[in-house]
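S.K.: Each chain is listed here by its residues.
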Amino acid sequence: MMPNRGATAPEPARRRPRPWGDPLFRSLAAAAAGIFLVLTAAICLELVRGSALSLAKFGPGFLWSASWNPVTQDFGALSSIAGTLVSTLIAMLLAVPLSLIIALFLVELAPPAISKPVGAAIELLAAVPSIIYGMWGLFVFAPFMSDHIQPFLSSRFGWLPLFKGPPMGIGLLTAGIILALMILPFITSVMRDVLRMVPPVVKEAGYGMGSTVWEVARKVTVRYGVRGMAGACLLGLGRAVGETMAVTFVIGNDHRVSASLFAAGNSIASALANEFAEASEPLYLSALVELGLVLFLMTFAIQGLTHAWIRRLERSAGRGL
Amino acid sequence: MNKLLAWILMCLAVAMAAGSATVAAAADLTGAGATFPYPLYGQWADTYKKLTGVGLNYQSIGSGGGIAQIKAKTVDFGASDAPLTKADLDAAGLLQFPMIVGGVVPVVHIEGVDAGALKLSAALLADIYLGAVTKWNDPAVAALNPGLALPARDITVVHRADGSGTTWIFTNYLDKVSPAWHDKVGCGKEVAWPAGVGGKGNEGVAAYVQRINGAVGYVEYAYALQNKLAHILLENRAGKFVAPTQASFQSAAAGADWKTAPGLYLVLTDQPGDGSWPITGASFVLIHREQQDAARAKSMLDFFAWCFASGDEAASKLDYVPMPDDVVALVESLWGTTVKSAGVPVWK
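Top line first, the protein sequences correspond to chains A and B.
Just so we're aligned: 315 in my numbering is position 267 of the first sequence, and the numbers increase by one with no gaps anywhere.
Just so we're aligned: 953 in my numbering is position 16 of the second sequence, and the numbers increase by one with no gaps anywhere.
Source of the hints: derived by calculation from the structure; they are not laboratory data.
No residue lacks a Cβ here, since even glycine has one placed at the ideal position from N, Cα and C.
Check each hint, because a few of them may be wrong.
Claimed, not checked - Computed far set for chain A versus chain B, every beta-carbon distance over 12 Å:
# : residue
1 : Lys-105
2 : Ala-312
3 : Phe-324
4 : Ala-327
Stated by the list, open to error - Below, computed lysine-lysine pairings styled on DSSO-like, alpha-carbon distance capped at 30 Å:
#  : chain 1 : residue 1 : chain 2 : residue 2
5  : B       : Lys-987   : B       : Lys-1165
6  : B       : Lys-1196  : B       : Lys-1285
7  : B       : Lys-1235  : A       : Lys-105
8  : B       : Lys-987   : B       : Lys-1010
9  : B       : Lys-1165  : B       : Lys-1254
10 : B       : Lys-1165  : B       : Lys-1023
11 : B       : Lys-986   : B       : Lys-1235
12 : A       : Lys-212   : B       : Lys-1072
13 : B       : Lys-986   : B       : Lys-1023
14 : A       : Lys-105   : B       : Lys-1177
15 : B       : Lys-1023  : A       : Lys-105
16 : B       : Lys-1285  : B       : Lys-987
17 : B       : Lys-1023  : B       : Lys-1121
18 : B       : Lys-1008  : B       : Lys-1177
19 : A       : Lys-212   : B       : Lys-986
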């Protein structure tokens, strides 16, 4: 077929336009894209339907009630929402700066002999299932936390309520750090790809002006790729908010709200994983489904906020590039 | 060439479909529920399949799931660690009977304290789980354990994070023996724990207790043995300190009066008897009183009868306690009077 194409004139039959081809393709593609909208709407609808009982009983107070008592059937989401936000915040605070530094190093500074194997290792880490991170966290990292990191933190910063309590090795702080390790390879690998796509011409122009490596990285590379890098953070954030297994292993699974990061807590996903199987009372089940609804809406809100933030960031940081 | 391949594939598919059809015709039993008896049910089903060709597909999805599944009639039987009350059973048309007995064991990890060295009373165990006693060298603990060098360590309470029949038995015990526990917490498969951290599953609790110096947790007996966790001596109703063993579980089960228990609703916690382990519980099976298919129902009851008659050795090997003979006789007579298909008794 191939060599004939240029040599002989195409058959007239092949040239005849098919009037239904384009519309068909368009509607198929639209249907495929529409699946997302339909799925999202269906999930939301089903969550609302499943949590109707709990919505009617607790109303909006569900969001800020700290009580979670299956015996008296009194449920509130505060501890789960707080645990989800705190563990995600710790993870992002640790993972984002570290990822940026690693990505900059791999793209700007490291010779191929280093950046190639490190890049492969990052991709390998990104493929490790989350339960492995959870088990490693419980059996290897938690002992290290309770023997070294937590005693150190409480001896130096013990006057802060954040670092009070016995060093158990598990709890919100450990969960946040494990989450950070989990999303680090994700964010790094996307950031690296983004930084690689910065046109060499732009950077060379920077060097041509007599800029140092640091100046080029800060004022050219990072600014050029700011949108892509924010997208990378968003990807990590999405993973951290909904992460279940790794968190369940190390967060301590407790429904009390505490100011200390050493204390055990729970996230929405971990509460669902723990309690769904044995929730036989209709109201209990309904409250768990409402937790799912809260997570769903939280993810939406976070996405919306981050998109708005990216747009602002682009306008200010990306100026002039 | 391609046609030939398609033919071969089609023949294979037909043969496989026919093969699976004949397997299904052997009518495997289906069950779902508690995770605690799952290892034993699996072992029994394996042996029974070799003997009779009738297999069992048991899904260990948890007691709550088992109750929901049997109510929805998607399985032949459900299994639950917490018994249903007579009113619940009547409403759903279910029959409930105990299959095996097991124990829940409080375990500790205190540096310098060996297995079976620490004595706790019922009230003290409740106070620890309430968060009222927070140090291992608390005077209340020391008073029960003269001569034991107790460290000034914080007590870390470990409980189950997931809803569980094990938790139900444990909290049922604390609820019975401690008025303070009854007022503040109560009994359930998942409760609002006043103190501590939660591990997922027996293995999660076992891992936390092994990890944290100063921890106390509660696990099924088999997990305490397998993980070599240090058990405590617990004061029973007769005022004696007993160790968790098959004999002390059996003693708790022997004193129980099943005959007068409506719907066989009986919880074996805090039973009388000098040698009785106080946190003992039975694992229950739930079946429908009105059966759709008489032959299938008969085949299911045959399986349970075989388990009662020939399954004791397997049960003991896996650290469960088999039901006493008089209870088995009672259960089988209940089958005869209550399990019917189109009005005709299934079991004779």
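S.K.: None of the hints should be skipped; say for each whether it holds.
M.R.: Against the structure, the hints come out as follows:
1. Lys-105: Correct as stated: the minimum Cβ-Cβ distance to chain B is 17 Å, above 12 Å.
2. Ala-312: Violated, since 4 Å does not exceed 12 Å.
3. Phe-324: For Phe-324/A, whose nearest Cβ neighbour in chain B is about 8 Å away, the distance does not exceed 12 Å, so it is violated.
4. Ala-327: 6 Å, violated
5. Lys-987/B - Lys-1165/B: 33 Å, violated
6. Lys-1196/B - Lys-1285/B: 20 Å, holds
7. Lys-1235/B - Lys-105/A: 45 Å, violated
8. Lys-987/B - Lys-1010/B: 27 Å, holds
9. Lys-1165/B - Lys-1254/B: 17 Å, holds
10. Lys-1165/B - Lys-1023/B: 39 Å, violated
11. Lys-986/B - Lys-1235/B: Satisfied, since the Cα-Cα distance of roughly 16 Å is no more than 30 Å.
12. Lys-212/A - Lys-1072/B: 17 Å, holds
13. Lys-986/B - Lys-1023/B: Outside the cut-off at roughly 33 Å; violated.
14. Lys-105/A - Lys-1177/B: Violated: Lys-105/A and Lys-1177/B sit about 47 Å apart, past 30 Å.
15. Lys-1023/B - Lys-105/A: 28 Å, holds
16. Lys-1285/B - Lys-987/B: 25 Å, holds
17. Lys-1023/B - Lys-1121/B: 26 Å, holds
18. Lys-1008/B - Lys-1177/B: Given that 30 Å is the threshold and the Cα spacing comes to 42 Å, the pair is violated.
19. Lys-212/A - Lys-986/B: Given pair Lys-212/A, Lys-986/B is violated - Cα atoms ~57 Å apart, limit 30 Å.
Violated hints, in rising order: 2, 3, 4, 5, 7, 10, 13, 14, 18, 19; the structure is consistent with all others.
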